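With the hints as constraints, model all of the structure from the sequences given.
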Amino acid sequence: MAQPDILNLDQDYKQKYGFYDEIKPVFQTERGLTRRVVEEISYQKNEPKWMRDFRLEAYEIFMSKPMPSWGPDLSRLDFDEIVYYIKPTERQGRSWDEVPEDIKRTFDRLGIPEWERKFLAGVGAQYDSEVVYHNLAKQWEEQGVIFVDTDTAVREYPDLVKEYFGTVIPPNDNKFAALNSAVWSGGSFVYVPAGVKVDIPLQAYFRINARNAGQFERTLIIAEEGSFVHYVEGCTAPVYAEEALHSAVVEIIVKRGARVRYTTIQNWSKDVYNLVTKRAVAYGDSVMEWVDGNIGSRVTQKYPSVYLMEPGARGEILSVAFAGDGQHQDTGGKLIFAAPNTTGRITSKSISKGTGRASYRGLVQVLEGAHHAKCNVECDALLLDEDAKTDTYPYIEINEKEVTIGHEARVSKVSDEQIFYLQSRGLKKDEALTLIVSGFIEPLAKQLPMEYAVELNRLIELEMEGSVG
Amino acid sequence: MTEKTPLLEVRNLWVKLPDEEEAIIRGLNLTINAGEVHALMGPNGSGKSTLAKVLSGHPGYEVTDGEVLFRGEDILELEPDDRARMGLFLAFQYPMEVPGVTIANFLRLAYQRRFDTEVKYTEFYKILLQHLKKLEMDPSFAGRPVNEGFSGGEKKRFEIVQLSLLEPLLAVLDETDSGLDIDALKIVSNGVNAMRSPERSFLVITHYQRILNYITPDYVHVMVEGRIVRSGGPELALQLEEKGYDWVRGELAGATAP
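Going line by line, the protein sequences match chains B and S.
Residue numbering for the first sequence follows my numbering, starting at 1 and increasing by one per position.
Residue numbering for the second sequence follows my numbering, starting at 1 and increasing by one per position.
Since the hints were made in silico from the structure, they are not lab data.
Since the structure is predicted, the reported quantities are computational estimates derived from the model, not experimental observations.
Among the hints, a few may not be true.
[Stated by the list, open to error] Okay, the calculated beta carbon distance ranges per label pair:
1. B:Glu408 x S:Asp183: 51 to 61 Å
2. S:Glu242 x B:Arg410: 24 to 34 Å
3. S:Glu225 x B:Lys16: 36 to 46 Å
4. B:Gly111 x S:Ile127: 29 to 39 Å
5. B:Glu142 x S:Glu167: 25 to 35 Å
6. B:Arg410 x S:Pro59: 18 to 28 Å
7. S:Asn44 x B:Glu408: 35 to 45 Å
8. B:Met450 x S:Glu241: 48 to 58 Å
Just so you know, even glycine gets a beta-carbon here, dropped at the ideal spot from N, CA and C.
So this is what it looks like as structure tokens:
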């Protein structure tokens, strides 16, 4: 499949991703969050004391912080209904044969092992709270690359983890970062030694299976000087009519001259509240790139950020959001210029359809002393229907004189004339709309490796299905 | 006289904009048989372009009376894409830009729909290049976004590329000649003439006689105030060129005077 195939309009989410497995977890905590639940998670994981203390402290912070009221409506999210830890299986596989049959079948259906064989350097697969499969190709292992789930990293690389864990996003950063810090489980730990360039992607896939599940993976990426890594994550969940919660924390350290690209294709089912904190610190002459595609979920709040700590650091944030009926995508990015001669760019493209709402929320902050910082922000919103909504909240704080900051925002509607033009060539109305939308996100899709561009296009087609009433 | 097959029959067509009282097309009749080339001329605002859009199924107009038969079937209730698949084609006066969508991706879909077939991307690319070549357009256009950044002349030529690719039975050319320099006009006309066949018909809508020097019509109609007021052979176009539209208007006024 070399070209995005616009013609495949016959599958829907429920059938393709929305199925669930009848699996009896080997362990799960009771509903709701208490100090005891946090202790239980730590006990199950047989963690060192420092991590247990970290969790308990975070729990107190979580309890003391109010729900954020400045963003999307979170009133239907009931913390007492969520199950915070669900362990699906006793052990993790390094080959797919070691993964329990039912779970393996799920990942087969999602195409993960096939992708791994075809073009990935390594894969981690998380199912509810635990990573059930993890593997890194030998070639990279031999060069000293570490790619394991974060629980394993705590056991096997305690010094590295202790040095960086929670340093980029401390538990008191926000309520959901505190929640994640208290109950985190799974996620990826990536360490790339100096000068090593992992030139094919590492991928993590996150699957929620259980009802009312909470998934709280914790990812930590350390790119040593002059290294390169591209980390990709995808996610899906069954369709239940009950709320689920996904609240991840991703911390990235990009050392001098290194480059990290982090790509997300978020495709949660529409019951999932997706409240995620992602942040990178970038040192001298390094490049941090976030490519953030949000298609699914009921509500997403996610603003990947880059702290530009030393001269020459660059931050790129590309955000694509698709808000369909009943969805609110509140996404964007943050760039903090903390050193002179740092540069950055935020490009946001959103599509709102039906009653969907896409909000761009972004922060550009230039700290004192960060002279000659350069930043450009571009927001494009496309509205497909009368009821569809879009809004922008661009926050800009500049504490330095010699800087170049640009901001552009555009809202466009699909015109009847455009649709007529395409229809007059034989395209059905929904094909015409899909084509216009795929053209709108094309500048971003072309930034992705081919396989992910195809995936993104396909997901958007899926969303566009039946869009013509 | 040999027997002719009507391809398009427009009978007593009345058209208005949804929120206006006054009709734009007022009882228009027109029959185009297979293989014929008809020219539709008329002053600005006479309803020529509205007719073109209504034939193709533009959703912005309301047909209040009359019928339009294409290949014997009343098409007024059909979607624009259904009509296109039946072999109706409109070359737009103002072709639309579709940012980010390449010509190759767009036309591959159109081709698959028109001929109800599946064609691989690489195969289609070869087909597309042939048609681009006919209209003297660079192969690089295949990878460019639809009409974005095209000059006026390139847009018009690209309309004829699509005509050539999609092989319609009836092609309506809505002021394809406007804004074309003489070289481009020749290229476009050659493209159209190469498409002429006993099965295929053309309705060439134009304000000026100039294009009819290159595409010789079998019939010329003059449209004024929403209906055809005069029909004749190619000589009518020359008369118009000479005497101007006031001539038909004057005749019309004379005819309707008490």
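Going down the list of hints, with the structure as the test:
Checked against the hint of 51 to 61 Å, the pair Glu408 (chain B) and Asp183 (chain S) fails, with Cβ atoms roughly 39 Å apart. Distance hint check for Glu242 (chain S) and Arg410 (chain B): the Cβ-Cβ separation is about 50 Å, which falls outside the suggested range of 24 to 34 Å. Range check, Glu225 (chain S) to Lys16 (chain B): Cβ separation about 56 Å, and the 36 to 46 Å hint is violated. Between Gly111 (chain B) and Ile127 (chain S) the Cβ separation comes to about 32 Å, which falls inside the hinted range of 29 to 39 Å.
Between Glu142 (chain B) and Glu167 (chain S) the C-beta distance comes to about 59 Å, which lies outside the given range of 25 to 35 Å. A beta carbon spacing of about 25 Å between Arg410 (chain B) and Pro59 (chain S) agrees with the range 18 to 28 Å that was offered as a hint. Between Asn44 (chain S) and Glu408 (chain B) the beta carbons are some 38 Å apart, a value that agrees with the proposed interval 35 to 45 Å. Range check, Met450 (chain B) to Glu241 (chain S): Cβ separation about 56 Å, and the 48 to 58 Å hint holds.
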